[in-house]
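Here are the chains, one letter per residue:
Protein chains: 2
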Amino acid sequence: MTEFQVHEPIADRVRNAINKQQYDEAVALFLDLLPGDQVEVFNLLNSGEQETLLPHLDVEATAELFDRLTDAKTLEAAKNLPLERLADVLGEMEPDEAADLLGDLPQEQALQALEEMDDAEDVEQLLAYPDDTAGGRMTTAFIAMQRITPAQEAIEVLRHLKPDSEIPYYIFVIDREKRLSGIVGLRDLVVAAPQTSMEDIMNPEVINVNAELDQEEVAQVMTRHDLQALPVVNHRNELVGVITHDDILDVLAEEHTEDIYRLASVGDVQLEPESPVREHLRGRLPWLYLNTVTAMFAAWVISNFEDIIAQVAALAVFQSVVAGVGGNAGSQSIALIVRALALGKLSPRQAISVLGKEVFVGILQGVAIGIVVGLGVFLWRGNAYLGIVLGLALLGNMIIAGFAGALVPLLLRAIGQDPALASTVLVTAVTDSLGFLIFLGLASIFLNFLI
Amino acid sequence: MTEFQVHEPIADRVRNAINKQQYDEAVALFLDLLPGDQVEVFNLLNSGEQETLLPHLDVEATAELFDRLTDAKTLEAAKNLPLERLADVLGEMEPDEAADLLGDLPQEQALQALEEMDDAEDVEQLLAYPDDTAGGRMTTAFIAMQRITPAQEAIEVLRHLKPDSEIPYYIFVIDREKRLSGIVGLRDLVVAAPQTSMEDIMNPEVINVNAELDQEEVAQVMTRHDLQALPVVNHRNELVGVITHDDILDVLAEEHTEDIYRLASVGDVQLEPESPVREHLRGRLPWLYLNTVTAMFAAWVISNFEDIIAQVAALAVFQSVVAGVGGNAGSQSIALIVRALALGKLSPRQAISVLGKEVFVGILQGVAIGIVVGLGVFLWRGNAYLGIVLGLALLGNMIIAGFAGALVPLLLRAIGQDPALASTVLVTAVTDSLGFLIFLGLASIFLNFLI
Numbered sequence: 064m065t066e067f068q069v070h071e072p073i074a075d076r077v078r079n080a081i082n083k084q085q086y087d088e089a090v091a092l093f094l095d096l097l098p099g100d101q102v103e104v105f106n107l108l109n110s111g112e113q114e115t116l117l118p119h120l121d122v123e124a125t126a127e128l129f130d131r132l133t134d135a136k137t138l139e140a141a142k143n144l145p146l147e148r149l150a151d152v153l154g155e156m157e158p159d160e161a162a163d164l165l166g167d168l169p170q171e172q173a174l175q176a177l178e179e180m181d182d183a184e185d186v187e188q189l190l191a192y193p194d195d196t197a198g199g200r201m202t203t204a205f206i207a208m209q210r211i212t213p214a215q216e217a218i219e220v221l222r223h224l225k226p227d228s229e230i231p232y233y234i235f236v237i238d239r240e241k242r243l244s245g246i247v248g249l250r251d252l253v254v255a256a257p258q259t260s261m262e263d264i265m266n267p268e269v270i271n272v273n274a275e276l277d278q279e280e281v282a283q284v285m286t287r288h289d290l291q292a293l294p295v296v297n298h299r300n301e302l303v304g305v306i307t308h309d310d311i312l313d314v315l316a317e318e319h320t321e322d323i324y325r326l327a328s329v330g331d332v333q334l335e336p337e338s339p340v341r342e343h344l345r346g347r348l349p350w351l352y353l354n355t356v357t358a359m360f361a362a363w364v365i366s367n368f369e370d371i372i373a374q375v376a377a378l379a380v381f382q383s384v385v386a387g388v389g390g391n392a393g394s395q396s397i398a399l400i401v402r403a404l405a406l407g408k409l410s411p412r413q414a415i416s417v418l419g420k421e422v423f424v425g426i427l428q429g430v431a432i433g434i435v436v437g438l439g440v441f442l443w444r445g446n447a448y449l450g451i452v453l454g455l456a457l458l459g460n461m462i463i464a465g466f467a468g469a470l471v472p473l474l475l476r477a478i479g480q481d482p483a484l485a486s487t488v489l490v491t492a493v494t495d496s497l498g499f500l501i502f503l504g505l506a507s508i509f510l511n512f513l514i
Numbered sequence: 064m065t066e067f068q069v070h071e072p073i074a075d076r077v078r079n080a081i082n083k084q085q086y087d088e089a090v091a092l093f094l095d096l097l098p099g100d101q102v103e104v105f106n107l108l109n110s111g112e113q114e115t116l117l118p119h120l121d122v123e124a125t126a127e128l129f130d131r132l133t134d135a136k137t138l139e140a141a142k143n144l145p146l147e148r149l150a151d152v153l154g155e156m157e158p159d160e161a162a163d164l165l166g167d168l169p170q171e172q173a174l175q176a177l178e179e180m181d182d183a184e185d186v187e188q189l190l191a192y193p194d195d196t197a198g199g200r201m202t203t204a205f206i207a208m209q210r211i212t213p214a215q216e217a218i219e220v221l222r223h224l225k226p227d228s229e230i231p232y233y234i235f236v237i238d239r240e241k242r243l244s245g246i247v248g249l250r251d252l253v254v255a256a257p258q259t260s261m262e263d264i265m266n267p268e269v270i271n272v273n274a275e276l277d278q279e280e281v282a283q284v285m286t287r288h289d290l291q292a293l294p295v296v297n298h299r300n301e302l303v304g305v306i307t308h309d310d311i312l313d314v315l316a317e318e319h320t321e322d323i324y325r326l327a328s329v330g331d332v333q334l335e336p337e338s339p340v341r342e343h344l345r346g347r348l349p350w351l352y353l354n355t356v357t358a359m360f361a362a363w364v365i366s367n368f369e370d371i372i373a374q375v376a377a378l379a380v381f382q383s384v385v386a387g388v389g390g391n392a393g394s395q396s397i398a399l400i401v402r403a404l405a406l407g408k409l410s411p412r413q414a415i416s417v418l419g420k421e422v423f424v425g426i427l428q429g430v431a432i433g434i435v436v437g438l439g440v441f442l443w444r445g446n447a448y449l450g451i452v453l454g455l456a457l458l459g460n461m462i463i464a465g466f467a468g469a470l471v472p473l474l475l476r477a478i479g480q481d482p483a484l485a486s487t488v489l490v491t492a493v494t495d496s497l498g499f500l501i502f503l504g505l506a507s508i509f510l511n512f513l514i
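Protein chains in written order, with this note's numbering: chain A, 64 to 514; chain B, 64 to 514.
The hints are simulated quantities; they were obtained by calculation from the structure and are not laboratory data.
Wrong hints could be hidden among the right ones.
[As the list claims (entries may be wrong)] The calculated SDA-like cross-link candidates involving lysine to any residue, where the alpha carbons are at most 20 Å apart (straight line), are:
hint	chain 1	residue 1	chain 2	residue 2
1	A	K136	B	D134
2	B	K408	A	K408
3	A	K408	B	D134
4	A	K136	B	L406
5	B	K408	A	T133
6	A	K408	B	I73
7	A	K136	A	E318
[To be verified] If we take Cβ atoms under 7 Å as the criterion, some of the chain B residues that face chain A in the derived model are:
hint	residue
8	L107
9	S110
10	Q170
11	Q172
12	A183
13	D289
14	A327
15	V329
16	R345
17	V430
18	A431
Glycine residues also receive a C-beta, built at the ideal position from the N, C-alpha and C atoms.
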């Protein structure tokens, strides 16, 4: 039985032991934890403490830890290991995680480590695939049997295999050309007569994906069909690996981070609050510059109305309300569309009706907000025309927000881009510029009543 | 072997068959799909087509479909079913999904359906727990055995059980008081000698959660420990259910939608682009009103500077740049902090250093943006003081953005709230109001040089 929310006190005890140079005590405390908890505690230590602890862990514990740390943290920890140790740890890691780490290490260090490694073939094979594809996510540690293998023999093979938590609870059945033929659940194996062959108990309708498929689509397939393990084949239909449910959790976490970051104009999915400052700047500053350009364009729109603002300074007070509330309404539309697209809930054909609905909601929200704000400003400033101009501008900008907030992500998807990418900055550019234009344009028309 | 991205054409064929009233053909096409694909195709049909198709499906197919549709869609489809049919479908559904549906149905219809159901106990037990807790997510269809049961007998029991994809590949071991004692993987069962008892092959260190634990924490536990199945116990430590990996995928999708919606001021996690207009208004309008209030406060800040804006209308042109870029920088900080908190990567003790780093990044980004924009505006308008005032205001607002963007979500978490909730609207209120204040305040000081 395990308790949660206990990582902080344990990290403190490990930290104390390290600081008192009682390394055996620190290691004992650490190894007493479940692997999943080890990761949490390790993350709570600072870099210096992590560096001090690592050499005192054995190869197996280090490998288990590296398997579960984020890629960035694993890289940081691995960089300082002596070459031989690194090779041993890589050999103990899950092949897909080892391949990820090798791909992240400086090329020379990676090549040297590969040379030092025993049984490097599995990992070398995985290095051929980009991290974010089915091939990059799969493990090569799976169980495959021939179609004619009898159940009794399959059970004997299982008996002799070292149990490994990542090996899924399935046996994959292949033909003589290594092509995937079917899948046998362990439960079916358990209840089968000893001489039954795999092909008689297998399910031949096994969902599989190509090694080059993007990881996001892999996650969609596994989610849609509630799969615990998904076999991966190469272009010759040969079984080359298996993606397991825990890999998919990592993919989903990464894709979620990417969505949230992109909607907030953060360009680097690996960025964390504690990343080095230069990485913050690299991931964030370019997007801020882009935002600055669109903001300057909106400023140029306003500059065309400077003469009437000089006459009615109150316009400067309320122009920002039109732009701000419009931008907020646009964000709402973006969030709904981006999420529906990510969940595969919105087909291209439903796009028109959704666009219409967003515009309609924009009209209703515009009326609701426009009337209240218009009335409020009339009461505050005592000028009915100012209230009317502001209310109408809010209405207009909310309609634009609904239209642009739905259209931009749909268009980005239509041209094969991630709809979360750039939607916010583009829609804000539209709601800012057109919001100012409508408000100040209407004000020009009613100028005589506003002075 | 299955192909993907083929849902649209199949939906078209089903649609055609429905429109030609060839219902057998429509059902045949539909049932030929894998359950996961059936859901996708069903979602592509419009409400009328869905309503026409449903009565032609048998009870099992309807239950399988309902298990996989979103709660909102299931409710919509279930509402129109005759009571007896509804009860039959509920009886075939997975107990946790059936309980969710019963909880969503109008109370009278739910009570009548429960009365009609055979074997309603499992579901009634689940109704006691809120949807978004471990108890609400667990299934009661799991396999539990006594500590003394021999392996041979366990295999016999499995042989007689109807295979069901949701039953996990584990056997849970309980003592005479039904308390959870351990877990046996099917692989261990397969390779065990026939007379070995469960307590000899079980792993007694089984991670479990209380039925009342929030689903987000449940997902964290399962992700942290890479679990395929997580047993759920009640306050007497009795095993009452099991959460399986596919339930956790649903939880993660829901939590992710919630994060993105809340960051974009959409208050209803169930809202979809195609939801009825009144639900859009209920989920979105209150947040827009809140945003309007903060925008009016920012407008009030500006109104204190109306006299100087009347003298230098150019200030009205550039004030929005300060607020806009500051808001964008604030969103970046929020995204980083919210995501790190959601992934459990940020402990309370790291909060101070993270806050400091965000302020530091704010300074650097403020300098980078301030210099470029200041210079640009000097070149555009020919007034160096305007450029300096704008550049300084941008710098100041970026520091505020980093500070508020990190502090607000951290504070929300510290008081036990979801950091995604209200962070955006609060931080924008700060960057807008203080952005205007700094820019127009500085302009007041340098007024003589700006005219």
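Evaluation of the provided hints:
Between K136 of chain A and D134 of chain B the CA atoms are separated by roughly 38 Å; this puts the pair beyond 20 Å, and the hint is violated. Using a Cα cut-off of 20 Å, the hinted pair K408 of chain B and K408 of chain A is violated, with the two alpha carbons roughly 31 Å apart. The suggested pairing of K408 of chain A with D134 of chain B holds, with an alpha-carbon distance near 14 Å, which does not exceed 20 Å. Between the alpha carbons of K136 of chain A and L406 of chain B the distance comes to roughly 14 Å, so the proposed pair stays at or under 20 Å and holds.
As the CA atoms of K408 of chain B and T133 of chain A are separated by approximately 10 Å, the hinted pair is consistent with the 20 Å bound. The straight-line distance between the Cα atoms of K408 of chain A and I73 of chain B is roughly 16 Å, inside the 20 Å bound, and the hint therefore holds. Using a Cα cut-off of 20 Å, the hinted pair K136 of chain A and E318 of chain A holds, with the two alpha carbons roughly 18 Å apart. Residue-level restraint check for L107 of chain B holds (minimum Cβ-Cβ distance to chain A is 6 Å; threshold 7 Å).
At a threshold of 7 Å, the smallest CB-CB gap from S110 of chain B to chain A is about 12 Å, leaving the interface hint violated. Hint on Q170 of chain B is violated. Least Cβ distance to chain A is approximately 29 Å, over the 7 Å limit. For Q172 of chain B, the suggested interface contact is broken, since its CB lies about 26 Å from the closest CB of chain A, more than 7 Å. A cut of 7 Å between beta carbons decides the hint on A183 of chain B: the least distance to chain A is about 25 Å, and the hint is violated.
Against a cut-off of 7 Å between C-beta atoms, the interface hint on D289 of chain B holds, since the closest Cβ of chain A lies about 4 Å away. Taking 7 Å as the C-beta cut-off, the interface hint given for A327 of chain B holds, the closest approach to chain A being about 3 Å. With 7 Å as the threshold, the beta carbon of V329 of chain B comes within range of chain A, its nearest partner Cβ sitting at about 5 Å, so the hint holds. Hint on R345 of chain B is violated. Least Cβ distance to chain A is approximately 11 Å, over the 7 Å limit.
Checking V430 of chain B against chain A by beta carbon gives a least distance of about 11 Å; that is not within 7 Å, so the hint is violated. The beta carbon of A431 of chain B is positioned within 7 Å of a beta carbon in chain A (closest approach about 6 Å), and the interface hint is therefore held.
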